Structure formats: structure tokens, C-alpha cells
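*Asks:* Spelled out from the first residue to the last, the chains are:
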Amino acid sequence: MLALRNLSTGYGRLEVLHGISLEVREGEIVTLIGANGAGKSTTLNAICGLVRARAGSIELGGRDITRLPTNAIIRAGVAQSPEGRKLFSELTVLENLEMGAYLRSDSGAMAADFRRVFALFPILEERKHQAAGSLSGGEQQMCAIGRALMARPKLLLLDEPSLGLAPLVCQQIFEVIRGLNREGTTILLVEQCAHSALKLAHRAYVMETGTISLSGKACDLACDEKVKAAYLGE
Amino acid sequence: MNRWREHLPLLAALGVALVLPLLPFSEPTSKRLISVSGFVFIFVVLALGLNIVPGWTGLLDLGYVAFVAIGAYTVAILTRLPWMQFEGAWFLALLAAGAHAALWGTLRLGYAIFPAVGALTWGLLARQPWVHFPWDHAVWVALALANSAFWTWRLRWVFRTQLAGDYFAIVTFAFAQILLIFIQNCTPVTNAARGYSDFPAIRIGGHATGTGTLPPGTIVVLPDGKGSISAPDGGTLVFPRGGADWAPVPQVPLEVTADVKLWLRGLEWVNLPSGAAVIVPEAGYAYEPPGRAIEPDSKGFYYLLLAFVVVVFLAVERLHRSRLGRAWLAMKADEISAKANGISIPRHRMIAFAVSGFIGGLGGALQAWKIEIVTPGSYDFWVSVLILSCVVLGGMGSLRGVVIGTIALISLGEVLREGVELGPGLSSFFMNHARWLENIAWQPTGDHALLKVPDQARYLVFGAILVLVMIFRPQGLLPPRGARPPITPEEASRLRGVKTALFREESK
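So the sequence lines, in the order shown, correspond to chains A and B.
For what it's worth, numbering that gives the first Met the number 0 labels the leading residue of the first sequence as 0, then goes sequentially.
For what it's worth, numbering that gives the first Met the number 0 labels the leading residue of the second sequence as 0, then goes sequentially.
Since the hints were made in silico from the structure, they are not lab data.
Keep in mind that this is a model prediction, so the values were computed, not measured.
The reader is advised that the hints may include incorrect statements.
What the hints assert, rightly or not - Just the calculated beta-carbon pair ranges, DEER-fashion:
hint : chain 1 : residue 1 : chain 2 : residue 2 : range
1    : B       : Ile-335   : A       : Gly-136   : 18 to 24 Å
2    : B       : Gly-462   : A       : Gly-83    : 35 to 41 Å
3    : A       : Pro-121   : B       : Phe-471   : 53 to 59 Å
4    : B       : Val-460   : A       : Ala-118   : 57 to 63 Å
5    : B       : Ala-163   : A       : Gly-178   : 36 to 42 Å
6    : A       : Gly-83    : B       : Ala-463   : 38 to 44 Å
7    : A       : Leu-167   : B       : Arg-480   : 30 to 36 Å
8    : B       : Arg-472   : A       : Leu-102   : 36 to 42 Å
9    : B       : Met-469   : A       : Gly-36    : 38 to 44 Å
10   : B       : Leu-94    : A       : Ala-75    : 35 to 41 Å
11   : A       : Arg-51    : B       : Leu-162   : 17 to 23 Å
12   : B       : Ala-11    : A       : Leu-13    : 51 to 57 Å
Glycine included, each C-beta is placed from N, C-alpha and C at the ideal position.
Chain B on its own, in the form it takes in the complex (with noise of 0.2 Å):
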């Protein structure tokens, strides 16, 4: 019996890992549940990425979605530059996005002041009148860089001193809102609120986007009379996920069907709209045909993010064991004493909010890929605290615990999204003793109940069912071995007993 309990969470992790890969070929799996299974994954590795801070080494990290935005700007921008457009290009992003990740991880202690000086500095001098002239950009970037380096120069000391605690999770939160802003306001890198929403799909065996040479001479008319772009250097037409057919006959206008754009040599992205048409002078043209494209929705996609949580896992419960995990805990555990075993304590936080980014960054950049949109609106302050949320549902510092925290949430929030139809007894009780909570908690459809939360109100619920883990699981669902909850009821009036005695003792 006793055996069989020790055995259950291994016989439980080998369940999952043979219903998974098996998921979408089971016959009801509707396209939308491997979608959100998509969903799930990318929190976990998200999750998982987080937990080495809060869980490791004992710090509140608040700001871990600048991870993630950095992650999904990273990859929007490179693979929009043509010359990312070669087959495989699309990890070559994902990697520099977990590792532009990381870097920030690394630096934002102290370099949050760095990018607030230089943003301040550009908009400050954007406002005057008197500094527009040629090439002033130029000379914005590298007064915005030289102020801000005055001031990092100046304020070095806060790069020296160890931040914990409570000051560490107020610099992350500050670190996050800093980067939302920069994102909000920076247009030409990250395209201010409109952000980008075309998104190369990621191709196996092939280029990222089908691409088409277009001879000297080409003219391009745009749809409804807007006008035509005429290429006489020639240009390269990308052609975005599934755009694959195009064989413009010289002189004969081809419509292009599906939205394109056009890299017009050295100088610029043009979108094409549907509906434009290309005219060739004369034959000349090259085309490559693109590889297999992995859409978002695909059991492709569901497969590759399961290899990346996989993966995510296994590294992470590598280092957890490793000599460096070890280091973490004991820094966790006894700070003054890992000091004193020889652990380099601020080197070792680097370490760790580097790893930590990284995950960051990489999940960022696979959640981009799925809803193929990145706008600084899917990075705000909620993000963050959902991420933690799924840690400490499911038991801070422990592998298994934020997975199944995680899995926990997010499909919990998914369902409350998508609405649950309930039975006849239960919708029979809303409607007669609930009928406050329409629209907050139910809808009406017919005779029936639709449980479906909105947008506005989901994190009421997370909130509700954090502040019930927290009074009766305060350790979390699944904590890790050896941890205790902080304080156990029986505990808390003993020691409520103590103190009476002793303030009897005092009074006396």
C-alpha cells in the first residue's frame, strides 16, 4: 500500500507522457483543444522559467513578463529582416530571444535606469522644434545613449549593492513597467500599440517565408486606385504562411491573393494588400517554393511546444540538481552561511535571473508564434502575477508542483473563457439563487446555464482560488521535499499559548 502511494506521482508523470503525444489523434479532440493544450504548454515553460527565482533562491520576481516581451520582440523583429529569411532561421530567433532575454535578466538590476534615462532623454528632445534637421535621429540615439550612460556612471553604486527582498521585487515590477512604456512609445523599433502581426510561420525544411525575385522593371499596382510601386532595381516578394503560388506571366498582371510584402532592395518593407498586381516586363523571375509551414493551431505546433516543455523540463530539473541548484538553495536557506561556504552571492543571483530570462525569453518568443501577434497590450502586470500565481498554486521550488499548478490554471482559465454548458439542476440554481452573477459568472442560452467568466473577471477567480490554497495549502499543491508550510495551525496556537504565558510571567 505504502509502496503503491511512493510509486503514485511516477506512474501519474508516465500517465501524461503517453496521453500527450497522443492527444490530437484521439477521435474527439476538436482543433481547439490542441490550441489550448498550446496555450498550456507555453505557461509551463513559462512557469518553469519563473520558479528558479521566487522558488530557488527565495527572491519575488513581479516584472517576469519583460521576459517575455522581450522574447516576442526579439523574434517579431529578426524575422521580419530579410536577411533572416533562410531555412531554420526560425530557432537561430528563438535562441537569440532567450538569449536577449537573459542578457536583460543579467542587467536590469541596476540597468533599469539605463533604457528610462535614454527613453526620457529621445522624448524630451523629440518635443523640441528646434532639433529637427537632417540625420536627427542620429543625434537623438546618441544623446539618449550619452545621457544615459552619464547617469549609470553616476548612480554606479546601485549596481554594487545586492538588492533583496522586497526592494528586489519593486526594481523587477519597475523593470517591467519601464520596458512597457519603452515599448509603448519606441515606433521605430517596436511599433508603438500597433506592434506586429505578421508573423512568418515557423518552417521546417524550408525558408521562413516563400520568397519570389522580381525582375528590374517590375511594377506592383495597389488595389483601389492607392497608386502603384514601381521596382526598377528589381525586389524580393515575400510572400507570407501559405503564399506559395505565384507564376506571373511577363506583361500579364497577376493579383496576389493572400497579403504579401515587398522588400524593396536595401530600402523598405512594403505591404501588399490582396487584391494587388504585379506586373513582370519580361520573364526572369526566380522563385523558391517554401518548406512545410508549422501553423499555430497545427498538430505540428502542439508537438513542438511539447518538446520544448519537455526539454524546458529536463534542463531545469538537470541544474536543479546540479552543484548550481544546490548553490541556490543553500543561498535560499542561509544566506550569511552559503557566504561562508565560499558561494558568491551576487554572482550566483546573475546566474539565476539569467537562466530565468532565458526560459523567459523562449516562452515569449513560442507564445508569439502561436497567436501571431505582439502588441505591448498581451505584456502588462497581470501576466506576470499569472505566471506567479500557477508557481505558488502548485508549490514554489517544486518541478512537478508549477507543472501541474500551471496546467491547473491556465486550462482553468481557458474554460472559463470558452463557457461550460451546465446540467439542468445547476443551471436551475443559478438562474433562481444567482441571478446577481449573470453575466459575471453565467449566461443564459436557451434553458440552459452557460458558466463563462469574462475577460475582466477571471482573475477574480484565480484570486479567489489563490487565497484558499493560501489558508489551506499554504506550501502549495504539490511542494517540494522537505518543505514545511510557514506556520500549521496547531503550531500557531501553541505559540499564541506561549505568548499569553509570557506576558502573564511580564505583568506580574
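Looking at chain A on its own, in the form it has when it is part of the complex (with noise of 0.2 Å):
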């Protein structure tokens, strides 16, 4: 569904990934592990065209999206929810979620999706007319997922989702996720909490200083010797 061709890119002279290769089958989820400053959330801008790529190619469904602009993107199915949530913070919660809508002009089944975002996250309904800046952490970051289901993503970057939440929130939100892949979206999940991420992914990738170190099959990664030494802290 999407593929990544030796994508370089960077911001100003500071190149951040230096030809990276992934690829996303449509129906999986596929995570992106690393340290701080690997380039993973640099890779899922470019996906989203918010960061341009230099070399390489990104292709999604078979169609070339390097060149187009963000918008463009979105409409074509790709949504993100940012690290560090990124909500419009004066703007209410559903508001919100009406930001992530903001490309479709199809208001009968965008009432479904707010249903469905609030059916995930009942915890929104209840605080759908409270300024986005007023939630918790955890409410937060559900608001942001939220936010990009409203796009109707066929594919959904999420990036960093268990970013500062308590163990039994990121636990929910992880449900949450496999939910959502059950029900037929494609996931690429960048994340920190690689023992989570590992468990959560069909495959996964290991990015070094922009570049690809590692990937396979998320359960082979977790046994891998040199992943669990560095990410998993065995």
C-alpha cells in the first residue's frame, strides 16, 4: 500500500534520512522503533508531505505522491495523528475532530465517523463541548487519534501514541489501535515503547541515525538479540 524508495531528506543542510526503504501491505500494522533522533517521526512527515523528500520515492496504492502537496495527500488517504498530540488547543473537542474532517464534504457519513470516533473514545463525547487544551494527557491523545480517523485514513501514521500517558492509558490506546486494524485500516506506528510497539505490529522496522538498521517480522525483531539489548532493556 505504501512504499518508500531510498527516501532522503532533512531540514535546511542537516539531512536527516539517508535513503530509507519501508514498506506498509495494506491490512497490517507496521512500526517504526529507534532512538530519539533515528528520523522516524522525519519519515512519517514525509509521508505527509510536511517534509520534502530529496531522493527516493514514495509511492501510495501504486501512485507517486512525492511531489504533492499535503492536501493532496490526505485526500488520497493518509492521515496522521502528530507526536505530542498537536491539538488546536482553543478549539473544542469536537471542533477538533472537525479539523480532521476537513477535506470531506460528506456530511452523512461524517456523522457516522463521529460515532464511531466516540464509540472508540467515550470519554470525548462526554467532552466534546470542553476546549481540546483542557483534557488530560491520555484524553488528549485519544482526541488526536480521534482527529485523524475523521479523514477516513486507508492508511494511519500514528506517531508516538503512548508519548507521556500512564501504563493503563497507553494500554487502552494500544486496544484501541488493534482495533482499528481489525476493522481494515492500515497502520504505520512509530514508537518508543518498543516492547508495546512489538507486540502490537505484524512487522517492524529498526531505524539508526536515518537509516534502516533492521526489519522483519515484529515477533522475530522481539527475539533478536541486538533489539532486545538496545530497545527492549533485556
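Relying on the hints, combine the two individually framed chains into one complex.
*Replies:* Next comes the structure, spelled out in C-alpha cells:
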């Protein structure tokens, strides 16, 4: 569904990704793990067109999206829940969700999607008229995922959904991710918490300073000695 | 109690809505009050327009006066055209003023280069002795356009650059300044420093001005022996406001009592000063009586402006609640996140500039009708600052705040211009203890002191008010829902504590 080929990109003079290739197939959960600064978030931003590719290509469902502007990429079926949530803190929860569906004009289906998001995260329905900035960390993360879902993406990019959350809330979020995948959403998950990510995902890539150092089935990587030592703390 | 407080803004709005239309009918109302309210209304329209850019998209606009000037000049130039002398032409001119300003609103970021290079080319060419020949103006125009087009093409990366933050403020400021210089120097279009002063009034149910058609062979004798103009092909006599009464009898000189203009067919306008005499050789003139003129100080104009305030307020309020308004707020809250949700930042910014420009142009046009004169002097940087102050005072991004802030600041300005007579207590205080403020803040009138601030010093007062607001209520008088002051004093002291603690930790 999604294929990056030799993708390089960076900010200013600094090159962050040095020709990475990865693939996400339809119906999969693929996780991208690695240390801070390895370029995981940059990869997601490059897929969304927020950072421009300098070399290489990005394909979505067989179509080259490397040069498309962000709004065209979103329209093509990608949505991102960014690192650190990045909610519109002065807008209400409901308005945040509406912003996620900004490019859609099918109000009937949108109402169904609101119900779906509220079914996934009942707390959001309770707080829907509250300013998003006033939510707790976990609720904000739910709101960010809900906002991304409102775009009705075929491919959902999740950037560190467990960041700064209590273990219990983390678990809840991971359950929701698994549920979404069962419903047919393909997911590319960037995660610091490698342990849970590897348990959840089908396949995984390990990133190190802008390159992909390891890849394979998630369960294989979880048993890999190097991964264990570096990311699982065993 | 709490419920009562909740409904307070609504009650206040209702009260204002009831009082404002009745104001001209109340007994002690002077013509002056109606006139001042007119100015306040115009500034409310302008502030509502400006608010869109800094208040909702979060970009600081320091050149808003450019739109006011574009609107005013568009109306001034359009309403003088002979083919714009028809019923309702004023409304068309008004819309054109808005549209023209909106166009420049979208273009100004990149195209500030365009008029600058063009005007420079023109200026340099006009100085050269060797370029004066028949049709030289046409050649200059062509060269100026070509040169600006060339540089615009060379610097096309500027259009793709998305200016934000301080750079945006600088470009908007520069655009307004360039426009002002253009207005001051491009005599054929803008009449330079003299500007336009003979405004046809807004007219309902009639032509913009009274017109009378002169038969061929008419001779107009100018007063004080300044010669005469003959109109062999006939001409159109255009009366200013109220100059409706003209009934020439053939061969008998008719004295023109007010300043009127003569449009010599296809040639040019000729201004006839009062005292000019029109001699019509034979019968055959035609005259169409004009409709009802709305004088700038009249109740009619008051209601017109009030109507514009209401319409603009409702339109802007509707926009604020729309998808577009939400997108603006999202862009302001978090640009990257907004982009990641599919909002095209450049396009939405352009729309914001266009809407803001349209309202600015509208306000500028109304202001031109109100003051009946358009000169470059009234469109300097300080007008931008004044309107921005109104927005900041009321609370950026909050419509009721903007309205309240504008009413407060502009009426205060008018009151200070007019002067307030102080009671004996305050008078003696000023006379005994504030002698040094004499003629700055007050003037002696008999045994009383008159609180009056001269034009140049008024901005000092505005500045002091803004400083006070920034200290005690940085979010403005009526901030939008959800907005908090950037940092509260408690937070500041707490943060200072954290910083000191960290520092201690580090130095250990």
C-alpha cells in the first residue's frame, strides 16, 4: 500500500534520512522503532508531505505521491496523529474532530464517523464542548487519534501515541489501535515503547541515525539479541 | 445571579441595538454627535476587517491603511467618471472599492515589488529630457509595466515564499508605504497631494449628481475675467450636491451659484467656480432632477453606516463560525497540525487577506464619502496603528471585543479633539498643579479648564492606554472564549522559581 524507496530528506543543511526504504502492506500494522533522533517522525512527516523528499520516492497504492502537496496526500487517504498530539488547544474537542474531516464534504458519512470516534473513545463525547487544551494527556491523545480517523484514512500514521501517558491509558490506546486495524485500517506506528509496539505489530523496522538497520516480522525482532539489548532493555 | 451574568453580554447587545437607531431622534442630540458616531461606525467596520488577519490567522498586519486608501481612491476616481453617473452608481463604486482592495490584499505579499519597480521606472523616465515626444506617456507606461513584469518574474520565488511572523508585518508595512508614495507621486491617477475633494454625494432614487445637458453653442463665461469656454458640441453640466436648480433661458446669462463641473464631451472635466455664467444660445437643454442626497452629517448617512456595521458584523460573525473560520483558528493554533489535516496554508491566508482587504476597502470608501476629501495625508502609517490599537484594546479575535474597543478608542479620540469642560474642582487642580500640561492636555477657557489634546499628542494618550491594557489585561477588554493572557503574574513567578531551582541544580 505504502512504499518508500531510497527516501532522503532533511531540514536545511542537515540530512536526516539517508535513503530509507520501507513498505507497508494493506491491512498491516507496521511499527518503526528506534532511538531519539533516528528519524522516525521525519519519516512520517515526509510521507505526509510536511517535509519534502530530496531523493527517492513515496508511493501510495501504486501512485507516486512524492511531489504532491499535503492536502492532496490527505485526500489520497493518509492521516497522521502527530507526535505530542498537536491539538488545536483553543478549539473544542468537537471542532478538533471537525478539523480532521476538513477535506471531506460528505456530511452524512461524517456523522457516522463522529459516532464511530465517540464509540471508540466515549470520554470524548462527554467532553466534546470542552477546549481541547483542557483535556488530560490521555484524552488529548484520544482526541488526536480521533481527529486523524475523521479523515477516514486508508493509512493511519501514529507518531508516539503512548508519549507521556500512564501505563493503563497506554494499554487502552494500543487496544484501540488493534481494533482499528481489525476494522481494516492499515497502520504505520512510530513508537518509543518498543516492547508494546513489537507485541502489537505484524512487522517492524528498526531505525538508526537515518537508516533502517533491521527489519522483519515483529515477533522475530522481539527475539533478536541486538534489539533486545538496545531497545527492550533485556 | 450566575445566569444573570451569563446573559449580560446579550442584554448589553440588545440595549445597544435598541439605543443606536434611536440616537438621532433623542432631544439633546447635536448634529455633531451624529457625525462623530459616523466616524466611530466607520472605524468599527475597519477594525472588524483588520481583526481577521491578526485576530484569526495570527499574522501581524501593519499596513491595513493601504486597503483604506485603495477603497477611498477607487471611489474617488470611479464616481468622477461620466459613465458612472447613474442611479445606484455609488453602491457599485463601493463594491468595486472593496473588490479592488481585496485584489491587492491577495497580491501584496509578492506584488509589492510590482508597483515599486513600475513607479521607479516611471519616475526615472520622466526626468530624462530625451524621452519627451508625442505619446510619451504611453511609452512610459509600457516601459514601466515591462520593467515591473521583468522584475516580478525574476523575483518570482518571493510569491512562493510564505511569509509569516515578523516578515509578514514588514511586508505589509512596506506595501502601505510604497502605496502612499505612489499616491503622492502618480499625479495622473491620484492627483498627488491635492487628492480629490469634490465628492458626489450618495444619492438614493436619483443620479449620483445632477446633470444638465447643454445644447451645442453654449458659452460658459468664467468669473473675474478668466475667459470663457465654449462648448461647440454641447456638454454635460454636472452639479455637485444640492445644485439642482438651474433653468437657463436662451441668450440670458445664468449664474452658477455653486461649484459645478462641465464635462466636455469625450474631452475632459472642467471645474466651473461659482459665479460662472452659462449662456445658452437657443432652447433645447435637458435636465434630470437628482434624487435625494445623503449628506455626510445627516441622519440618513448615520443609518447607512449603522446598516454597514450590522451587515459587516453579521458577515464576519458568520464567517467566524464557518469551516473557513475554523480553519483560520486551526492555522493560528498550530500551523503544522493544520497542514497535516489537509488545510492549505497559503490558500487560506490569501482568503483571509482578501476578506480583510474587502472590508478595509469598503470602510475606506465610506470614510471618503464621510469626510468628502481624499488626500494622501489621511492614509499614513498611524491610521494602521490606530485601527490595530482598537483591535488590541478590545481583544484580538473577539468580535464584541473589537467593536467595544473601537467605540471606546475612537470616541475618546473625538472627545479629546472636541474638548471637555471640567468642573471647578478639576479645573483648579489642572490650573494649580498641572501648569506644565497646559496646551498639551488642557486649555484655559475663562475660569474653567478645557480638557483637550491636540492632534499630535492624541497618540500619546492612546499609547498610554495601550500600555495600561497590556499591563493589567493583556488579552484585551473582551477576549475571545478560551483565550488566556500569555502568562499570568503567578505563573511568571512560579517559572522564575523553577528556573532558579534548575540553575542551582546545575551549578552544584
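*Asks:* Can the suggested window of 51 to 57 Å be confirmed for the beta-carbon pair Ala-11 (chain B) and Leu-13 (chain A)?
*Replies:* 55 Å Cβ-Cβ, so the 51 to 57 Å window holds.
*Asks:* Given the hint of 35 to 41 Å, is the C-beta distance from Leu-94 (chain B) to Ala-75 (chain A) inside that range or not?
*Replies:* Distance hint for Leu-94 (chain B), Ala-75 (chain A) holds at roughly 39 Å.
*Asks:* Do the Cβ positions of Ile-335 (chain B) and Gly-136 (chain A) conform to the proposed distance bound of 18 to 24 Å?
*Replies:* Given range 18 to 24 Å: holds, Cβ gap about 20 Å.
*Asks:* Between Gly-83 (chain A) and Ala-463 (chain B), is the Cβ distance one that fits in 38 to 44 Å?
*Replies:* Between Gly-83 (chain A) and Ala-463 (chain B), where Cβ atoms are some 41 Å apart, the hint holds.
*Asks:* Determine whether the Cβ-Cβ distance between Met-469 (chain B) and Gly-36 (chain A) falls within the hinted range of 38 to 44 Å.
*Replies:* holds (40 Å)
*Asks:* Kindly confirm whether 30 to 36 Å is satisfied by the beta carbon distance between Leu-167 (chain A) and Arg-480 (chain B).
*Replies:* holds (33 Å)
*Asks:* At the C-beta level, are Arg-51 (chain A) and Leu-162 (chain B) separated by a distance inside 17 to 23 Å?
*Replies:* Check passed, 19 Å falls within 17 to 23 Å.
*Asks:* With respect to the beta-carbon atoms only, verify the hint that Gly-462 (chain B) and Gly-83 (chain A) lie 35 to 41 Å apart.
*Replies:* holds (39 Å)
*Asks:* Within 53 to 59 Å: is that where the Cβ-Cβ distance between Pro-121 (chain A) and Phe-471 (chain B) falls?
*Replies:* violated (42 Å)
*Asks:* Has the hinted range 36 to 42 Å been met by the Cβ atoms of Arg-472 (chain B) and Leu-102 (chain A)?
*Replies:* holds (38 Å)
*Asks:* With respect to the beta-carbon atoms only, verify the hint that Ala-163 (chain B) and Gly-178 (chain A) lie 36 to 42 Å apart.
*Replies:* holds (39 Å)
*Asks:* Verify the CB-CB distance for Val-460 (chain B) and Ala-118 (chain A) against the hinted window 57 to 63 Å.
*Replies:* At roughly 58 Å between Cβ atoms, Ala-118 (chain A) and Val-460 (chain B) fall inside 57 to 63 Å, so the hint holds.
Figure legend: structure checked against the earlier numbered hints; the only hint not met is number 3.
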